[in-house]
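**Q** Spelled out from the first residue to the last, the chains are:
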Amino acid sequence: MRMAFRFLLNLKEIRDDSKYPPLFLLQHPKIPPIFAGKIYLAHTMAKEYDLIQLKKIASQVRRDIVRMVHACQSGHPGGSLGCTEFFVALYFTQMKHDPKFNMDGKGEDLFFLSNGHISPVWYSVLARAGYFEVSELATFRKLGSRLQGHPATHEHLPGIRIASGSLGQGLSVALGAAQAKKLDKDDRFVYVLMGDGEQQEGQVWEAAMYAAHNKMDNVIATIDYNGQQIDGPVDKILSLLDLKAKWESFGWIVQEFEGNDMQAVIDGLEKAKSLAGKGKPVMNLMKSAMGFGVDFMVGTHKWHGAAPNDEELAKALAQLELTLADY
Amino acid sequence: MRMAFRFLLNLKEIRDDSKYPPLFLLQHPKIPPIFAGKIYLAHTMAKEYDLIQLKKIASQVRRDIVRMVHACQSGHPGGSLGCTEFFVALYFTQMKHDPKFNMDGKGEDLFFLSNGHISPVWYSVLARAGYFEVSELATFRKLGSRLQGHPATHEHLPGIRIASGSLGQGLSVALGAAQAKKLDKDDRFVYVLMGDGEQQEGQVWEAAMYAAHNKMDNVIATIDYNGQQIDGPVDKILSLLDLKAKWESFGWIVQEFEGNDMQAVIDGLEKAKSLAGKGKPVMNLMKSAMGFGVDFMVGTHKWHGAAPNDEELAKALAQLELTLADY
Amino acid sequence: MIKYSFTEKKDTRSGFGAGLHELGKTNSNVVALTADLTGSLKMDAFKKDFPERFFQIGIAEANMIGIAAGLSISNKIPFTGTFANFSTGRVYDQIRQSVAYSGKNVKICASHAGLTLGEDGATHQILEDVGMMKMLPGMTVIVPADYAQTKAATIALGEHVGPTYLRFGRPNWPIFTAGRPFIIGKADKMIEGKDVSIFANGHMVWQAIEAEAILAEKGISAEVINIHTIKPLDVEAILASVQKTGCAVTCEEHQINGGLGDSVAQVLSRFNPSPIEMVAVNDSFGESGPPLDLLKKYGLSPSNIVEAAEKAIKRKK
Amino acid sequence: MIKYSFTEKKDTRSGFGAGLHELGKTNSNVVALTADLTGSLKMDAFKKDFPERFFQIGIAEANMIGIAAGLSISNKIPFTGTFANFSTGRVYDQIRQSVAYSGKNVKICASHAGLTLGEDGATHQILEDVGMMKMLPGMTVIVPADYAQTKAATIALGEHVGPTYLRFGRPNWPIFTAGRPFIIGKADKMIEGKDVSIFANGHMVWQAIEAEAILAEKGISAEVINIHTIKPLDVEAILASVQKTGCAVTCEEHQINGGLGDSVAQVLSRFNPSPIEMVAVNDSFGESGPPLDLLKKYGLSPSNIVEAAEKAIKRKK
Ligand SMILES: Cc1ncc(C[n+]2csc(CCOP(=O)(O)OP(=O)(O)O)c2C)c(N)n1
Ligand SMILES: Cc1ncc(C[n+]2csc(CCOP(=O)(O)OP(=O)(O)O)c2C)c(N)n1
Ligand SMILES: [Mg+2]
Ligand SMILES: [Mg+2]
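Chains as they are written, first to last, in the numbering used here: chain A, 1 to 327; chain B, 1001 to 1327; chain C, 2001 to 2317; chain D, 3001 to 3317.
Rather than coming from a laboratory, the hints here were simulated on the basis of the structure.
Among these hints, one or two may not hold up.
Label-pair restraints from in silico Cβ distances [unchecked claim]: (1) C:T2026 with A:E311: 42 to 52 angstroms; (2) C:G2039 with B:P1233: 44 to 54 angstroms; (3) C:V2235 with B:E1258: 57 to 67 angstroms; (4) D:S3303 with B:A1314: 39 to 49 angstroms.
Listed next, the stretches of chain A that the computed footprint assigns to chain B, with coverage defined by at least 3 CB atoms under 8 angstroms from CB atoms of chain B [unchecked claim]: (5) 195–207; (6) 248–257.
Fair warning: this is a prediction, and the values are worked out from it, not measured in the lab.
Glycine included, C-beta positions come from ideal geometry on N, C-alpha and C.
Bound conformation, chain A alone (with noise of 0.2 angstroms):
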């Protein structure tokens, strides 16, 4: 039971699970409302919270991301607003997960962020679901801190299992992990995704067929089809053309489901589930909106990786609900 408070409070001083009571923990003061139903264990905890919570996590997860940029002014709001509901409904409905975290997570589900740019809503969901305190979240960019502007496992931050930034990598690593549950007989999923421009570095074609060779049936990936990069649409700077087709010729079952949408995101990655296991790898084609949530940053590359000044930030934080405490 305990797990699932850490998640949400990052209270230090019950990071020891058998020092409190399970009483104080759900009355402790500090725990928001939206919590006070149902709590499970991380490993379990798939589906226990409903929509509305879900939701709310993921309004304050967008909050943390625009005031993580503004505040160092620099960062990648854009696509980690637009896949603010993918790592909510991940991290909160999805995978089995341990915060205490183990770099091997033998026995846990993982996740592999190819498109390291949008560590913003890595970190922000990482810290909510508690694997570190959530104050930390602002140390984002800033000198000596574990939060680097792209996610590195150097300075050791809990939830990180490798470096990611220079895009096109992260497949193959993923692979590298199946492979390795695979060996071990774990039959948990291992999880990662891309960006929809990364799909134009051929090392994601490489992985991709080897994948299919191999079976690497324990693998969903997911594309944030958000249909911008850093120099403008996709389509203009160089075209996916149809990407289902492409990856289903690459051997993989390819399916679509709606990224800014929490429903259809939790239905696409439980679908993605029952994909899996049949000998193919399974790859989601999630369409989302880049910056998602805030008027004026949705739908342009403009803000593939430009900070809001504080006036941006006050307009964006305007139209975020505050769920949980702002870090």
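Since the structure of chain A is provided, determine the placement of chains B, C and D with the ligands on it from the hints.
**A** Chains B, C and D with the ligands in isolation, oriented as in the chain A frame:
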């Protein structure tokens, strides 16, 4: 007139076009009888060889290949033998090209070899087409030679425009050359050959995507679809699954033809030209047999990169008609 | 007193952008390529005015190098632009085979090199690019010091024939070389001195100039030489200076292994063994942070150069 | 008289194959990967006996590095095997981010390094790999001298934790280190001497041993030290030797820039400036030819080492 002879004769004395009257050439005792018919300038020679003549050239090229590889006891006979019809057809019936060799190739069709390890077939055809003396084939892979193990410009061998050997790079280079032709309003074609194992390199798919998006319809690519790579059959090592579907999903026009039937290759290359210029790059999937023409080499990856010993050489040569003079 | 003053700071990458635009006007063979980083590389002006000579490759750096090599075959002069990390380590084999070994006239132009790209962190802060590129036979390697010199170097590349690596960066930086001649392969002596030779390049030239002022106050006469071209190295200038001063300090925004320091150490070891102190990143990855804070944390501040100079002088026999 | 004798020649890559097979038996976490070069890397025995721990990646080296990094997360110990060129330059960025910066326990094992791969020519003859790998923070870089040492090094990697680059080659070569202890990071003094220190690694150790015999005949006492580990460098051993001899010769099958020579030059410049002569490929690409002919043509023969030693000695003050 004289250039065409140079292709076949490689007489140092006739390097300088102006020095000798056509009569001298036509009466020269070394002109083999099979070329006593029509002889045309390189630039206009397309289809002026009849099938029998082309097959005879191919037989001689195959002799060159096994002799070259035998002489230095290294090199790649398998892919070379399998691509002999392709090279002969390309250089003797398709390309507008000048054996005097201008690096920039303005106004000429260009050819790039991405799977550089099959250099023997290219060197033989270049020599037989007049780019350099056939006697120089004897230096293949020997110290100080211009005929490096893998094609190189470093030693200034005529006919070569870029080094290859490290797989996966040739299509990209061809695209650059094709872009230059478009810039220069030069409407000739850029040809490129790749291996099927080579399709596993991600860079190939980067180039594939670029070519379609940028409507590189002056590019005619061919894959030596021989089903073999170093460690075994491609299907066992890392299957390409439906390769046609892959290239189509990447936006290319794809056709297939038999690679060891001279007429089929010529027809296929003619067809490719007719498919070009329509806003899409053209891909030929050329089904060939590794080691074709030598019974004990055919169809196995064992001869991808192995040299015949003396006895094997004799056995091979016994199967390959001597048509032009051996170098 | 700092011997050079500046009235403006600008990013070196903007010098590249301005030089490229200039070249676009004067040389119709110049073409430019980018891998989804037009704005970061300041290639917008070139793109706007010469759209038919601008190639957007998408996020596919390997393909970009190959396309550039192909373009060069027909006498185009391709300038590729992406971050330094993706300009070198990502595509080393492609550069090696299709550009360097093939002797192609491709200009590999690389921004966001070194620690000073700042907040993006270590994945992007390449500190090994110079070391990689200088190992390639026939490759010219240039690390200009400021906006003006980056612009001059870019323009110089229009005439220079052969594969080249041009390295520049992201932060605003003092402009202090304006009006000075820039000659590829010719070291630029910024300050005469007699006690110690300070060899620097890139952003570190300014750091060295600041350090010289501090040393001068301490009564130490330092010679500051801008080794903007790492390859071909101006061996004569290095030997002549150390002949006079008897010791050297090298300063670079690069790993201590493989860069300017090692180039100088090789030259001196082979021709005139002398004490060298190296100001460089000491075999570690960088991290996220503001550029100047990073330079400080990783030992690349003027005070580190001062310390190194004092140490080098002490080590003279 | 040559101080070491040998009864057998074997290729160093076979030492890797034998060591890997050994490890397969003793350590069930050891896994092996190849990119369509099982036979060339001599991984057949491992593949045959431990098929479920052998991963055929196909011709996709970047993917191989990523997969290896992923495997290491669950405490597998991946050994990747392909040619040295495709083990380094082809995948530098992948190694940098997914292995070195991420601190993954991946063993990058590279065959056909250097000129001595012979007939395949310059596209394959990487002479910059050591320079690249030694720039990566946290990377261990090993260049063993013969079959026996390559086998020992491979086995040692089973216990060693952290990213490693192991470089070996193609030709048959004298086996002369059998029975000698191999310790990562610890230089191996092969021959004591007092006039000049010869530091060598890889195939060049044997060349140095041959050179020493010639020097001895000329009355010159050369110390021969096998620097099989380029990183971490055995700085103490280098300094101690040069302290005694007063000058050094470095010998490597590598570009003169970036390799062992530069490592030694850096150490001496920083701690004990001394004359160094470098026997290495002098900033040029290789070419096709028989291994020994190539070593001769490119100045890597025992006679070149002899000359270099004599020159270094003359340069002592
Ligand atoms: C190998 C590599 N090349 C270039 C970059 C620079 N870069 C960072 S994000 C990005 C665009 C990525 O597009 P996409 O994957 O669609 O992500 P989104 O912009 O949608 O977040 C680029 C080019 C990089 N990080 N890595
Ligand atoms: C980047 C790279 N990786 C590996 C190799 C080694 N290699 C040379 S040929 C070859 C197999 C190529 O297969 P394919 O393209 O089908 O050519 P084929 O064997 O049919 O001639 C390999 C792996 C290489 N030359 N380049
Ligand atoms: Mg996108
Ligand atoms: Mg094949």
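**Q** Check each numbered hint against the structure and report the violated ones by number, ascending.
**A** none
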